[in-house]
Structure formats: structure tokens, C-alpha cells
Amino acid sequence: MRNILVLTGSPKVKKGNSDSIANFMLESFKRKGQICKKGYIKDIIQQPEEMIKIIKSADIVIISFPVYQNSVPSIVLSFFEFMIRYKSHFSQKHRSLFVLSNSGLAEPKANVSSVFQCQLFAKSIGFYWLGGIGIAPGTLIDGKKLEDTGKTYKKVIKALNLISDSISKGEKVPDHAYAYTSKPLIWPKMYRFFGKLIQNKVVKKIGKVNYYARPYSFKVVS
Amino acid sequence: MKIKYTILNGCYDDNSFQVNIVQRIQKHISEKLLEDSYDWIDLIDGEINPCRGCDYCQIKNPGICAIKDSVDLILKKYMSCKVAIIITPIQFGCCNALTKHFIDRTEPLFLPFQVTKNGTSIMKGRYSKYPKLYVIGIEPERSIENRQVFKDFIRNCNVSAVSEEFKVTIISEESDFNELEKLII
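The listed protein sequences correspond, in order, to chains A and B.
Residue 1 is where the first sequence starts when you use my numbering, and the numbers rise one by one after that.
Residue 1001 is where the second sequence starts when you use my numbering, and the numbers rise one by one after that.
These aren't lab readings, by the way, just hints derived from the structure by calculation.
Ideal Cβ positions, reconstructed from N, Cα and C, are used throughout, including at glycine.
It is possible that part of the hints are untrue.
[Claimed, not checked] Pairs of lysine to any residue residues, derived as SDA-like cross-links and limited to a Cα-Cα distance of at most 20 angstroms, are as follows:
1. Lys208(A) / Asn1061(B)
2. Lys204(A) / Lys1124(B)
3. Lys196(A) / Lys1132(B)
4. Lys1124(B) / Tyr211(A)
5. Lys1117(B) / Lys204(A)
6. Lys1004(B) / Glu1031(B)
7. Lys205(A) / Asn1061(B)
8. Lys109(A) / Tyr178(A)
9. Lys1060(B) / Asp142(A)
10. Lys1117(B) / Ile125(A)
11. Lys1068(B) / Tyr178(A)
12. Lys204(A) / Lys1068(B)
13. Lys56(A) / Arg85(A)
14. Lys189(A) / Pro1112(B)
15. Lys1129(B) / Asp142(A)
16. Lys1129(B) / Asn210(A)
17. Lys1124(B) / Pro1140(B)
18. Lys169(A) / Arg2(A)
19. Lys1117(B) / Gly195(A)
20. Lys205(A) / Ile1064(B)
21. Lys123(A) / Ser1143(B)
22. Lys1132(B) / Ser217(A)
23. Lys87(A) / Lys123(A)
24. Lys109(A) / Glu1031(B)
[Unchecked claim] Have a look at the derived ranges for each label pair, beta carbon to beta carbon:
25. Ser1016(B) / Lys145(A): 46 to 52 angstroms
26. Lys145(A) / Asp1176(B): 19 to 25 angstroms
27. Phe194(A) / Ser1128(B): 21 to 27 angstroms
28. Gln46(A) / His1028(B): 35 to 41 angstroms
Bound conformation, chain B alone (with noise of 0.2 angstroms):
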């Protein structure tokens, strides 16, 4: 069976809340989708390094990044799942560095010229198709401005962009996980 869902968790392992948080995200998962349906990937647990910017992945040897990590084996998976969901920690209206690592490391799936998308930039797509983007973000405040300059930021980056669809979902308790119930069917 082809791999519907890739999950990207890039929750860090050192705070209890969102471990939990992650923990109830997982044993959903689990619940709704076949086991074989889904890829579930803990950033923490691979070698995610920074962008260079070096425009390797752009002029030299286009489509590829210059990194050797982790990155090129979950850039495949995104790219072959039908819907990527990607779970972060919100902090200062961003999402945290380990998940940003990843966000900035899609580089390679575009190509280095603009286009205009409903009268703003962006970034040409590499590919025709992209998958669906789910995006889940952990807060506990409730902060308004955070929210929204969260929301604003994933949903203005490339990645949101070219994505066939895009959600965002943001949760702070257990009574939020309905939410959850609308973007896994």
C-alpha cells in the first residue's frame, strides 16, 4: 500500500506538555489509519541540519540539496504521500528551530524564480504536484498574537504555497483534539 500520510513530529522530547500533547496526536493516528497508511517521523531522532543557502540545490545540481543528512530521505517520503502533516511547538509566532530546519531545508523542491499566486510572490514549484499540508502547532498560551503571526507565517511560506491544500490546526489542551478529528478521516 502506497504511504498516505507522512508525518513530520518536530516537538523536542525535553517538555512534558508537548510530549503529551504529541503522545494523544499519535495514539489518533494510530486509532484512525492503517498502520501501513502512515510514516510517522520524529525529527529529533535524525540529523537535521540548518540551510546553507548556498544555492547548490538551485544552479549547481538543481532539485538536490548539497546537505547529507536526513533531509533527502524525508524530502522523498514528503513528496510521495498524498497528505504531509507537520507538528510543531509555536514559539514567537514561528515554529521551533529543529522544525524550521526542515521548512527551510524544501529549498530543493523549488525552482529559483517567482511566480504570482492570488497577487503576491512566490516561489516556483519544481514539481506539478505537491501534497495536501497539515499543520499542527502545540500552544498552551492561548496568545492571540502568536497564533496569528504563526498562522500568517505557515500560511504565506513556500511549502503552504504549492500545496494542494493547506490547514493549519492549533492546540493548547485535550478538548482541542476534535479539531484533529476534521484533518484525519
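Bound-form chain A, shown alone (with noise of 0.2 angstroms):
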């Protein structure tokens, strides 16, 4: 039996989609008849002994979060930079990582940056990678559960309990739980269409010139 640590890495902490992943992992694990703890990077990261203690007594970190700015979001490269800082303290033992990383784009190639950068912690740090997946777009699960979000994710729910399952049973992850997920789970132009939709409510809302506002807008004075 081995511990499982599944940390949130958004910095919305309990009320992003990256949550509702890591919520979903965490159970489907639990089910599964595995040691398992949940943690919150932007909480643990305030507390370096606590966080020290919470890693070393894992055997494998599954970390979920939001891609920003095509990469992992700050709180998380903090956390990396803090566990490269720490890294003596977690060279006794074997340790591995995955990650699922979703995008608030519909292309599944939003999320392959932020993929290869854990991957290449993993490396830096000693973990064993066991790999990584993208959810795009991630953000149709409007902080639900999972399972609450109708067919839209009902392939990232069958890839999610294929990976806990091969990360429980100590086997590589299987390729069709990739698969799952190499397509947009919405065609991106109705995405992007419904995405615009929705903005005019905030539109009507607040106004055109409000929501349009451009404050550091500067004439040029030649």
C-alpha cells in the first residue's frame, strides 16, 4: 500500500475546476482502497515544515491545476522552486508525480507546455514521472462535481479512473487513458461562440463602456 498526496494548485483553492479533478482522483483512489491525503499547494506553501512532512510521507503526488498563461499557474512553479530548495529532504525514498492540467481553451494542445514543465521538475527534483494528462477546456465543470457535469466530461471521467486505477494497481498508464482526452471535448468555434454569448450578460450588466474600459490607455505625445 502506498500514500497517495493529491494537491489542488489553483489559487481559487476549493471553488476552481482544477478542485473538482482533484476531488474526483481523491475519491476515485479512495474507492480503490488507497492511503490518501488531499492538500492545498497555496495553503501548504505558507507552512515550509508542514510541507516538508506532507511530501516526505508521500510515495506518490498527483497534482491538478489551471493553465495560465500557457504554463502552470505562479503558486505552483513556487511550490517547485521550494521543493528544488528542499530537495535533500526527499531523496531517501521513490517517489513519483502525475499531473492533470486543464485549459480554459478547447484545444487539448493548451495544456502540453504546462505538461512537459512538470515533467521536467520531475527530472530535476528525482520523482518518477508517470505522466500527465490535459483536460481542455476545463472550465464547462463550473466548480461541480465531476460527475454533476453531464456528458461533456464523461470521457475525462473514464480516463481519471483509468489512471487511478494503473497508479494503484503500480502500472504504467495506459494510452487509451490518454486518448480520452487528445480531442477537444467541444468543438473549439462553439466554444468560443457560446464563450462570447455569455459575455453579453456581463455586457448588459455592467455596461459596454465598463466592460470594454481600457485604463492604461495613454496618448502618445510625440
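Fit chain to chain and form the complex, with the hints in mind.
Set out below in C-alpha cells:
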């Protein structure tokens, strides 16, 4: 039996889509009889001693995070920097890393850089790289339980179940787990169209002038 | 004179290699540019908090961040210059956390919906014009994968996607300083 640590890497902490994904994984591991703990990167980076203790007790670390500016959010990078600084604390035991990246864009390639960055971090810290999955888009989860999101995330649920199953058994994550999320969960053109449509409500509420405000506009003085 | 260049140095001051490279860049810039034509900002000297992902800058008070720290002034300087230069060490194929705090906090510069550019979704710019963006990555190990992931990350992030022109230069040692000549004229 191995200790699994599931971390949410979103600055939104409990309200975000990354946390919905993390919670699904946590429950999935628990159902398979694994010893699981959950934590929030935003909170644990405030307590270095506690953080070292938590990571030291884990055999497998799972991180769920949103993509910010085509990469991992800065709080996840702060966490990585911290881990590298205390690398010697984590060298006594074999540890593994798996990541769950979710993007606000509908194209799966929007998760590529962030997953590679985590792989490079795993290499730097000496963790075994179990892999990483990209969910595009993650925004339609809308902070709900993944099971309550209807048809859209059915494939994601299948993929996550396969991932937790293989990790629990100590096996390699099968290729078809990645295949479930290799295509957009919604047609990108439709996603952009409805995204714009939803924004019309905000425009009506706050007014066009406020919505399109340009507070940093400057007149060029020659 | 209007500030032409805004230079954002995201390096920490506890790494002698990075400090040395940054000092060289600073010297190069001071020799090439008039003193009042550029603004040098060391991010480490400011208060740069991470983005909370609260969407305040999108739907509550569009274009303005909810966090009151040094970023507001930096964004003003960023948007008022012609060329912005970001200097950062490269780690795990990314910039460091300090630089990423700033990059994530450029969210108020975008509208909360997407458009396509070269067949890929990007966030729609809030402004009609953005400065040219040159990124200088410091990477002494010459790791091909580290450099490639960094280039892909920075090339496809929102700030570079909307910039008028975008270039990325990676510096490992002094001989690479010739590359700077191409950036700063």
C-alpha cells in the first residue's frame, strides 16, 4: 500500500475546476482502498515545515492545476522552487508524480507546455514521471462535482478512472487513458461562440463602456 | 521623452551567475540607450503577488486587478512603452515564479473571451495595440528540452500572442551577448 497525496494547484483553492478534478481523483483512489491525503498548494507553501512533512510521507504526488498563460500557475512554480530548495529532504525515498492540467481553451495542445514543465520538474527533483493528462476545456466543469457535469466530461471521468486504477496497481498509465482527452471536449468554434454569448450578459449588467474599459491607454506624445 | 523600453528583470538576487548576466545586460542597455529612454524594473524590489484567478479584472471591474500591489504601476509602464523586455532564468522549461507572478497578472490586459490567431484560440486583447515583447531567458546548462519547452511556453502565452512583435533570446554565457545586439538597437 502506498501513500498518495493529491494537491490542488489552483489559486482559487476550493472553488475551482482543478479542485473538482482533484476531488474526483481522491475519491477514486479511496474507492480502490488507497491511503490518500489531499492538500492545497496555496496553503501548504505558507508552512514550509508542514509542507516538507506532507511531501516526505507521500509515495505518489498528484497535482491538479489550471493553465495560466500557457503554463503552470505561478503558485505551482513557487511550490516547485520550494521543493528544489529542499531537495535533499526528498532523496531518501522513491517518489512519483502525475499531473492533471486543465485549460480555459478548448484545444488540447493548450496543456502541452504545462505538462512538459511538470515533467522537467520531476526530472530535476528526482521523482519518477508517471505522466500527465490535459483537459481542454476545464472551464465547463464550473466548479461542480465532475460526476454532475453531464455528457461533456464523460470521457474525462473514464480517463481519470483508468489513471487511478493503473496508479493504484503500480502499473503504467495506459495510452487509451490519454486518448480520451486527446481531442477537444467541445468543438472549439462552438466553445468560443458560446463563451462570447455568455459575456453578453456581463456586458448588459455592467455596460459596454465598463466592459471594454482600457484603463492603461495612453495618448502618445511625440 | 517618452519611455521607449520597459525592462522587467525577474531574476532573484541570490544567484551569482544570474546576477552577473543581469549586470551585463544592464551595462549593455545603459551603453546603447539614452538614460531617459528606458525604465529598468527589478521585480524582486516590488510587491508582486500571485494571481488569485478571481475574475475581478474581467467581470467586476474590467481591466483593473483586485490586488493592490506593485503590478498596477508596472502594467501602466508596460502598456505605455514601445518595447517591453522580460529577463528571467529558465527552470523546468518555464520562467521563475517571480516572473510568472507578473505574467499571470497581465490578465487585466485581456477580454474574457477568445478569438483565433493562426488557427489557435487566444484571449482577445483589451487594447488595440501592445508593445513589442522581447524575452531574454537565462539558461546556463544548455538543455535542449528546457529551452524548447520554454520557447513554446513563452511563444504561445497571451502576452506574446497579442504583442506587435515577439522575440525570445536565450543566454548561457558571455559569448551569447551578441544576440542582445539584435534585440536592442
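Going through the hints against the structure:
1. Lys208(A) / Asn1061(B): Answer holds: lysine 208(A) to asparagine 1061(B) is near 12 angstroms, not above 20 angstroms.
2. Lys204(A) / Lys1124(B): holds, 19 angstroms
3. Lys196(A) / Lys1132(B): Violated. Lysine 196(A) to lysine 1132(B) sits at ~27 angstroms, over the 20 angstroms cutoff.
4. Lys1124(B) / Tyr211(A): holds, 13 angstroms
5. Lys1117(B) / Lys204(A): violated, 27 angstroms
6. Lys1004(B) / Glu1031(B): Answer holds: lysine 1004(B) to glutamate 1031(B) is near 15 angstroms, not above 20 angstroms.
7. Lys205(A) / Asn1061(B): holds, 12 angstroms
8. Lys109(A) / Tyr178(A): Status holds; Cα separation ~13 angstroms.
9. Lys1060(B) / Asp142(A): holds, 18 angstroms
10. Lys1117(B) / Ile125(A): violated, 36 angstroms
11. Lys1068(B) / Tyr178(A): violated, 41 angstroms
12. Lys204(A) / Lys1068(B): Answer violated: lysine 204(A) to lysine 1068(B) is near 27 angstroms, above 20 angstroms.
13. Lys56(A) / Arg85(A): Since the Cα atoms of lysine 56(A) and arginine 85(A) sit roughly 14 angstroms apart, the hinted pair holds (cutoff 20 angstroms).
14. Lys189(A) / Pro1112(B): holds, 16 angstroms
15. Lys1129(B) / Asp142(A): violated, 32 angstroms
16. Lys1129(B) / Asn210(A): holds, 19 angstroms
17. Lys1124(B) / Pro1140(B): violated, 35 angstroms
18. Lys169(A) / Arg2(A): holds, 10 angstroms
19. Lys1117(B) / Gly195(A): Given pair lysine 1117(B), glycine 195(A) holds - Cα atoms ~17 angstroms apart, limit 20 angstroms.
20. Lys205(A) / Ile1064(B): Between lysine 205(A) and isoleucine 1064(B) the Cα gap is close to 17 angstroms, so the pair holds against 20 angstroms.
21. Lys123(A) / Ser1143(B): The given pair, whose Cα atoms are some 12 angstroms apart, holds under the 20 angstroms limit.
22. Lys1132(B) / Ser217(A): The hint holds at about 16 angstroms.
23. Lys87(A) / Lys123(A): Cα-Cα ~12 angstroms, so holds.
24. Lys109(A) / Glu1031(B): Outside the cut-off at roughly 42 angstroms; violated.
25. Ser1016(B) / Lys145(A): 46 to 52 angstroms: holds, 50 angstroms
26. Lys145(A) / Asp1176(B): 19 to 25 angstroms: With a Cβ separation near 51 angstroms, lysine 145(A) and aspartate 1176(B) fall outside 19 to 25 angstroms, so the hint is violated.
27. Phe194(A) / Ser1128(B): 21 to 27 angstroms: holds, 25 angstroms
28. Gln46(A) / His1028(B): 35 to 41 angstroms: Holds, at about 39 angstroms.
Violation of the numbered hints given earlier is confined to hints 3, 5, 10, 11, 12, 15, 17, 24, 26; the remaining hints are satisfied by the structure.
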